[in-house]
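**Q** Residues per chain are reported as follows:
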Amino acid sequence: MHEMSIIMSMMEIVKYHMMENRVTHLKKLKIRVGKLTAVEPQSLMFCFEVYTHGTSMEGAFLEIEDVPLLSKCKNCKDEFYREEFFSHCPVCNSDFIENISGHELDVVSMEAE
Amino acid sequence: MHDILIEKNILSKNKTIAVENRKMLREKGAFSINMVGSPGSGKTAIIEKTIESLKDTVTLAVIEGDIQTSLDTQRISKYSIPVRQITTGKACHLDAHMIYHTLPWLFEQGNTQILIIENVGNMVCPAEYDLGEDMMIVVMSVTEGDEKPLKYPAIFHTSDVLLINKVDLLGYTDFHTERAMKNALKINPDLKIFTISCKTGEGIMDWCNFLMDKKKQSHPDMQHRNCF
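Protein sequence lines correspond, in order, to chains P and X.
Count the first sequence with numbering that gives the first Met the number 0 and you get residues 0 to 112, in order.
Count the second sequence with numbering that gives the first Met the number 0 and you get residues 0 to 227, in order.
Please note that a few of the clues may not be correct.
To be verified - Across the chosen pairs, the derived CB separations fall in these ranges:
(1) P:Pro67 <-> X:Ser79: 48 to 56 angstroms
(2) P:Cys91 <-> X:His100: 30 to 38 angstroms
(3) X:Tyr99 <-> P:Phe95: 20 to 28 angstroms
(4) P:Glu48 <-> X:Thr15: 23 to 31 angstroms
(5) P:Phe45 <-> X:Leu4: 51 to 59 angstroms
(6) P:Ser93 <-> X:Ile3: 13 to 21 angstroms
Stated by the list, open to error - Only some residues are given here: those of chain P computed to face chain X with a beta carbon under 7 angstroms:
(7) His1
(8) Asn74
(9) Cys75
(10) Glu82
(11) Val90
(12) Leu104
It is worth saying that the hints were derived from the structure and are not from the lab.
Positions of the beta carbon are idealized from the N, C-alpha and C atoms, including for glycine.
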């Protein structure tokens with residue numbers, strides 16, 4: 000359950016930016032989670048609620064943008080979305096695939112007052 | 000109300016420290032590997048066999064990660080090589096920060112040519128945390144089933160090497176080695192795969208020779224010898 004440590008790292012970043020921007024109450028936080036990460040959005044939601052309790056972030060809405068796994072075939076240059084991790088091109092069946100998106104795990108923005 | 004743009008990777012701090020760890024280890028001439036896999040897959044046994052095979056050829060050190068106890072450290076201590084336990088408490092993985100704080104100890108032990116880090120037994124979380132290692136090794140065993148790579152793809156996607164352990168038990172299970180390899184290569188076509196048994200010693204020599212080759216490639220000045 001590393002979502003706990005991910006939430007703690009995330010809160011550290013948010014705390015820094017709240018101080019920098021002189022705001023004291025977080026209303027909304029937007030994050031980005033790629034399909035290739037071993038992170039479960041539902042667990043993130045749960046951990047966020049638990050860990051922000053009693054802090055300046057309590058009650059904030061956590062918006063999670065799921066980033067699909069977009070790949071590109073190095074052989075035929077076709078770009079395609081994948082639901083699975085399987086690494087072969089659906090067009091030419093090549094194994095030479097590079098991932099364009101899906102690794103994201105970012106704090107994007109926040110609304111605070 | 001303020002809209003504030005942040006745009007920062009959540010694990011950027013871990014990544015920064017991992018980069019620093021990698022730099023320090025390379026400067027000291029240490030080739031480092033991060034062993035990940037389920038509890039009971041045989042990570043510690045593989046480390047023991049690797050030490051037995053290589054200790055007369057290279058200087059080794061081990062960092063053991065566990066949630067509780069120093070039992071694995073006690074197992075490694077009998078080989079008279081430097082070994083240090085990191086007890087993570089509640090955390091289900093090692094992170095770069097924990098390794099960073101262990102490096103001063105490592106550098107006090109003299110010259111280490113190969114550092115083996117055994118991560119906490121877990122097929123999910125260690126995939127996200129770069130420790131600063133040169134190679135990530137994922138261990139799965141015959142008794143876990145050949146569909147494991149499909150069930151836990153992230154760890155197979157991140158790793159460089161797959162060790163399929165306990166092949167001496169093949170006759171007692173429905174495990175198909177070829178299917179397991181095919182499943183793993185579907186996830187990561189670049190995976191280097193070895194089938195091994197710590198019980199019979201099968202495949203250990205191939206794995207150790209590969210490790211030595213990788214070490215030699217990273218530090219070309221080192222004289223390579225077959226480990227047996």
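**Q** Evaluate each hint against the coordinates.
**A** Each hint tested on the structure:
1. P:Pro67 <-> X:Ser79: 48 to 56 angstroms: Cβ of proline 67 of chain P to Cβ of serine 79 of chain X: about 51 angstroms, so the range 48 to 56 angstroms holds.
2. P:Cys91 <-> X:His100: 30 to 38 angstroms: 48 angstroms, violated
3. X:Tyr99 <-> P:Phe95: 20 to 28 angstroms: 36 angstroms, violated
4. P:Glu48 <-> X:Thr15: 23 to 31 angstroms: 28 angstroms, holds
5. P:Phe45 <-> X:Leu4: 51 to 59 angstroms: 26 angstroms, violated
6. P:Ser93 <-> X:Ile3: 13 to 21 angstroms: 43 angstroms, violated
7. His1: Nearest chain X Cβ about 4 angstroms off; hint holds.
8. Asn74: 12 angstroms, violated
9. Cys75: With a minimum Cβ separation of about 16 angstroms from chain X (threshold 7 angstroms), the hint on cysteine 75 of chain P is violated.
10. Glu82: Since the shortest Cβ distance to chain X is 12 angstroms, the answer is violated.
11. Val90: 17 angstroms, violated
12. Leu104: 5 angstroms, holds
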